[in-house]
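Student: Which chain is which? The protein sequence lines are A and B, in order. For the first sequence, the positions run 1 to 484 when this note's numbering is used. For the second sequence, the positions run 1 to 623 when this note's numbering is used.
Do not rely on the hints blindly, as some may be mistaken.
Calculated lysine-lysine pairs in the DSS-like style (CA-CA distance at most 25 Å, straight line) [to be verified]:
hint, chain 1, residue 1, chain 2, residue 2
1, A, Lys106, A, Lys23
2, B, Lys161, A, Lys438
3, A, Lys23, A, Lys102
4, B, Lys161, A, Lys366
5, A, Lys367, B, Lys521
6, A, Lys102, A, Lys443
7, A, Lys182, A, Lys102
8, A, Lys24, A, Lys443
9, A, Lys154, A, Lys198
10, A, Lys102, A, Lys366
11, A, Lys404, A, Lys296
12, A, Lys366, A, Lys103
13, A, Lys296, B, Lys161
14, A, Lys443, B, Lys161
15, A, Lys24, A, Lys106
What the simulated footprint calls covered on chain A by chain B, stretch by stretch (three residues with Cβ under 8 Å from a Cβ of chain B suffice, anywhere in the stretch; the number is not a length) [claimed, not checked]:
hint, segment
16, 360-369
17, 405-413
18, 421-428
19, 433-441
20, 445-453
21, 464-475
Rather than coming from a laboratory, the hints here were simulated on the basis of the structure. Ideal Cβ positions, reconstructed from N, Cα and C, are used throughout, including at glycine.
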Amino acid sequence: MIFLLTWIPFVAAFLILLTPSEKKSALPIIAKTACLLTFLLTIGFLWRFRPDQPGYQFLIRIEWFPAFGIAYQAGLDGINMTLCLLHALVSLAGVFTAAREKKRLKEYLFFYLILVGAIYGVFTCLDLFFLYLFYETTLIPLYPMIGIWGSKNKEYGAMQLTLFITAGAALALFGILLLYQKTGFGTFDLIRITEHLKNAPFAAHDQNFLAALILIGFGVIASLWPLHSWSPIGYAAAPTSVSMLHAGVLKKMGPYLILRIALACLPAGMAHWSTLLAVLSGIGILYAGYAAISQKDLKFMVGFSSVSHMGYVLLGIAAMTVTSVSGAVLLMFSHGVMAAAMFAVIGFIYEQTHARGVFDFGGLGKKAPFISMSFIMASLASLGLPGFSNFVAELLIFIGSWEKSPVLVGLAVLGVLITAIYLLRAVQHVCYGEFNPKWNQLKDAVTWQEKFPFVLLLGALLLFGFWPQGLLRLIQPAVGAMLP
Amino acid sequence: MITLSWAILWTPFLTAVFIFFFLLSRPRAAGRLATCGMLAAFLCALALLWDYLSLKEARPVLESSILWIPFAPSPVEFGVLIDGLTILMLLIVTGIGSLIFLYSMSYMERDESCGRYFACLSLFAFSMLGIVLSNNFIQTFIFWELVGLSSYLLIGFWFEKREAATAGKKAFLTTRVGDVGMMIGILSLFGYLASRGIGTFNFLLIEERLQTISIPSPLLYAVCLGLFLGIAGKSAQAPLHVWLPDAMEGPTPVSALIHAATMVAAGVFLLARLFFLFAQSPAALLVIAWTGGITAVLAGTVAVVQNDIKKILAYSTLSQLGYMVLALGLGNPYAGMFHLTTHAFFKALLFLSAGSLIHALHTQNIWNMRTQKGLLRSMPITSVTFFIGTLALMGIPPTSGYFSKESILAAASHGSPVLFILALANVFFTSFYMGRLCTLVFFQKSHSARQNHLHTARESGWKMTIPLIILAGFSIGGGFLPLHPFLGARGHSEPHSNTLALISIALAGLGFLFAFLRYQKKSHEHETLDSWMTPRFILEKKYFFDDVYDAFIHFVQENIARVSDLFERRVVVEGGMNGSARLTRRLSRLVRTLQTGVVQFYALFFAAGVTVIIYVLILSGKS
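So that you can see chain B by itself, here it is in the shape it has in the complex:
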């Protein structure tokens, strides 16, 4: 089993390296190799699952590691930790990853840098698998950073486009703000443990030790918040969510990968992995729950006014991530991970279908996507699968989204009533913006002649439709997957409540209906959204997060930099360096005036000096 897990980890890395050295100029081969590598990793993960299930113990946890930096006070390991959570995530990452790789082969085939694309994609999968398999804080942090790097490279894949380059940088820097918090969290946790003589970074060891010693709660609170800052960065929680919508500048399959299987899932996964730590700090859990709830509603409302199909999906990811974080904050990792799993299916599906639409229609604006015959007829597979994804996202039974969302709502119903209302409201927003999207894209036919060039839209090739069909299957049936054996140790599923189910289905249905009625006849966007909702302006401005950050960077950071630079020029260089040079020059001028070259003058000094010396000698002789 250990060998299998090492194989899963290193296969994508080796393909990435191989492509980087040999296949950069051979895009087709690169695509094939990367996809095969990912598929092989998936098969290994399946084999691992088989082995794991055939183990006799109740909830086995396997660990194996090598010493990477064997320093006496703080050995750093590099290892794998296999439990149910790991295996679940491995299956998600490699499984959905393989489908996205396959899809990319067709989606990216015309791009000349396709080789680089697949190298980066494999690197991305490698980094994510590293987080999943990691058995200690440092290794997690290493792969955490590598995920940041891969996202930087992939979001900025079309780096000639200024927006893409900026978006890549933004993603890297925003998540790095979180990583600063995470590093400090790790250091303070380690520092405390080391002071108690048990300096280790190992998850299992720390979990075990925490049962005998207790960390003072202010410190634990700080540690948890630091770690959560890192998680909020990667999982795009407010206020560090700003990078995710911009990340849409990358190729669409990359968005699917980021949103479903990697990156944003990393944060939620880590939250589940470290739940033993967070569970001891109720105060931190409260912060986490509120962050999740607020992110969900913030993003859900902003999605209502977006016109770019990928942006809408991006904001919907944000709000679903909010749900997952909310569930974990409410002390229910099971619900969070369950939603992570189902969300991975339907969000990958939605993005890939959207990619298929974009591929065929050459536009991302939902107002320009309708075709003369209607998309349902010209692109049936894409349309139907997109619709299935939508249902799952809205949480309509019997799709997978229904079950997972239900368990989160059930968990929320025991928590703070405000949070519960936020969670319910978001159900409505979700179906409203998805209803708007579907109505505009699928249920309208184009009447105007200017959009006629779109009537040629055709279904994409098998490499793109097969992943869609498979993902659609899982989006429907994913709710029935038996996840309990994997997550059993981590919380419980809430008892089913009929009232709650009814309320949420009703809200979802209402949202969709409102949107349908409202946008059924609209053919182009008008300035007013609805006066009965939050003012459009705030939503269009996305609650001013970007503006505030820009202002901060512009007014605070740039000024600190400018002041440092000025200080350097004016004080250190001008005052210190050149000043001392000037002083030396003046002093030398002073001394130079003595060097007149007149011999009598020197003789005078000589005589005076001798007189003084003799005088001093006489004086000292007397005393």
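Chain A on its own, in the form it takes in the complex:
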């Protein structure tokens, strides 16, 4: 069943290719159906998921190239279950935005679905070969999507983003191959490798070297400071649904793979680098927060904000306690949903006005109450207001990391204040104040198709803000099993 998550979008993508371009109305229907199906499937998995059962669930294994020990193997534990839910939410919300694309809709939706399927592949696969394959596959559609459908400095942004992540991936590939070779029983099976390394860990210097490769390689996509600079530039250039998927979900592949490979297989190497990682994350939180304060473009601001928030995730991972890592996973979910909502708001306004400067607007609260409210709620979630799951996640990270590095946690708490500064400033200039008559044509979201993405995303944040146990009951046992 679980392979359907990957293959439904892929099949739908080829269906779209087969649909004649003239049948404009059929294209969005196919795309939406595919995303809805995978969403429902994910909910189904979530429903049948047994948190008390150790190990992976819904496991399937299809031998592919036995000579090299390559098999398509997929399964879910609490961590990737949460991330699949994140992806299901964001991709479903994103497809409604993607379907409004006016230029070359067919190709756009094709790439979108390939991207969606590949991300499911990364999150479900438990075989290093396929994991890496899908990881690289996500990069392929991104380049044309940003380069063709993007805005402003799009070629530059597309280039930056793709090159940076590919370079990181190359390092990580080196690490993965070394891992494959060093374990020495010729398998890419991640479960077996993890099990084996639990009992017979590598020597310290091997672990350190491998962990460094993985951390840097996947740290790039997690926008670890100072490897983050592709992120604001790329997000600013990308079309709305790509920004949503990228900031919301793709970026989370970095910390996810760091958890899966570095933390689970190479705990000593991880511990070796943890102080450095924590310091870099701390710098990232404050630095990106301050950089966000001086941005005049909303998308750049949110881009830096996401770098800053990934700092919290990495800080939580670096502390390596059950509480902090669980908080980090919950923040991956919460920040992903929040970032998607934020980019959806900005995209919605940009679609109509072709403006996205912090100071371009004013008084949208009266003119477009729904969209303003979504913006305000996303901002409040982002600045860690209780009621949204982001608060719980950050709180757990703070509690869990305090014993390891109180100073950094103190700085991170300060980072929450900085977040509030730039977001409330943006809210004030966009939604409050006198209405700028230049945007008289602006329409609020009225149809359910326009409102649905916001309701879905913000509703999820509120649901798990009030009931964090709903996700934590999945995350915590998985994290507990992973940590030494």
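Please arrange chain B on chain A, whose structure you already have, making use of the hints.
Tutor: This is chain B only, laid out in the frame that chain A set:
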């Protein structure tokens, strides 16, 4: 009892949610629902009081909670803690809250976003009740933040006005500065307890454990100061008081709610709730006492030069809060909470009366408020109730303010003499600025024709006057309320001292008299205040707090942000990213020169390569 307290907590929340989803476009229904919800909560609180008093134990403490995040090392609960302090605060919040809600129905009826107003107001009450009922640090922090959110939404309620939007943001950010301290305080306390194997956030558990283990005093000092920073933010103590005067941009009933029953009371309440912790750190108490004393006098003096009736009241709140914090800092939570209670009555009364005046006169400037017939005649209920509130604020017997202020002064008389003098001086300032206000607004008649349009001022409707009358009743009689059963465990009332009472009444009377004589004949403001007082300029500038902060934001913070941004552009992007791109391009150019396309050239390289390889092979073969 537990069910009742849960009902009190969730009723306002449910009304807020219901209004948000269904009644946003039906303002009248929203108002009715919200008021009924608040009233129901008040009735529940009364029932709770009845149940509590009929309990047999001496000072019962009830607790009930559910596990919200049941994590092994640090379970986070969500629960209620009921003791006398809780019940007292519940009654204040829901009781005064109901009156303010009722008043708002009339005050806000012409506003088209009335539905949003009541949703936010209910949210505000919910957040405050959450703090009051909370039984652990995390829950307190959660509702603490929600109070910040509600104040942000309500102060910036008229968000089309730039000042209102800015004031809302300022309130949120200023109190959040405090919250950073509070979070760090909580974390360090928890971190220490966890390292001793008793990681918990629960108030009662921590109180119990503190009897057996002692926290090292530097750490305890830091914890207390961190927590107090949060308290100073919400309770608007210097230097985090700057948001409160600006918060006057919100609708007047909101000001009444913030100043009397919620928000600023939250800080003082928390100080009383956590007194078991603060009491162990005398050094922290000293800081708290001084902060309170200084805030009281700072605000009391600034109020003297304000011309906006709401601003005067705002500064008077600041100075009264200073008193409460001073009392707690002096180790007397009883006096502090007593003053909190009486202050809630008379400050709500003053704000609502002021709102009634503003509603009728359409101005907030005290120099423009006098009417031809005199307000006493045209708006008798408002005027009389305002005057009662003034007497209570000045601390004239037998009003409630007299008793509570007296107990604070008595507590101060045992402390540092400087603090005592500050506290006494503030009695004088308080009656001086209130005297100025009353003289200008009530005791002068308008002679000039240009203010004649104000002579039409009429008394407001019953929805506005009934709350005024009830609050006036409590402002007079509140001092006789038997609070000891509620606060018995928390300190003691000071023995009554006649000399002290005489001194303070004399000071209050003098202040009022001076103000009356001085402003009786004045019809418009002149540049000089009085050369015998502190220079007017400093007061008008409010001791430069805002200027210093603005300068800090402008010169320090903005520059850090700008430097980060520049670093990003110049170093990370330009140097790192584009630089590596350039390097790659140059390298490729270098390599490209080898690709000449001339076959002879390739053949030469080929031959050279083969020669080298053979040479190496021969060499290695030899050795």
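Student: Does each hint hold? Answer for all of them.
Tutor: Hint check:
no. : hint                : in the structure
1   : A:Lys106 - A:Lys23  : 10 Å, holds
2   : B:Lys161 - A:Lys438 : 19 Å, holds
3   : A:Lys23 - A:Lys102  : 14 Å, holds
4   : B:Lys161 - A:Lys366 : 12 Å, holds
5   : A:Lys367 - B:Lys521 : 50 Å, violated
6   : A:Lys102 - A:Lys443 : 18 Å, holds
7   : A:Lys182 - A:Lys102 : 51 Å, violated
8   : A:Lys24 - A:Lys443  : 24 Å, holds
9   : A:Lys154 - A:Lys198 : 45 Å, violated
10  : A:Lys102 - A:Lys366 : 28 Å, violated
11  : A:Lys404 - A:Lys296 : 36 Å, violated
12  : A:Lys366 - A:Lys103 : 31 Å, violated
13  : A:Lys296 - B:Lys161 : 22 Å, holds
14  : A:Lys443 - B:Lys161 : 22 Å, holds
15  : A:Lys24 - A:Lys106  : 8 Å, holds
16  : 360-369             : holds (count 3)
17  : 405-413             : holds (count 4)
18  : 421-428             : holds (count 4)
19  : 433-441             : holds (count 3)
20  : 445-453             : violated (count 0)
21  : 464-475             : holds (count 3)
Hints 5, 7, 9, 10, 11, 12 and 20 from the list above are not met by this structure, while the remaining hints are.
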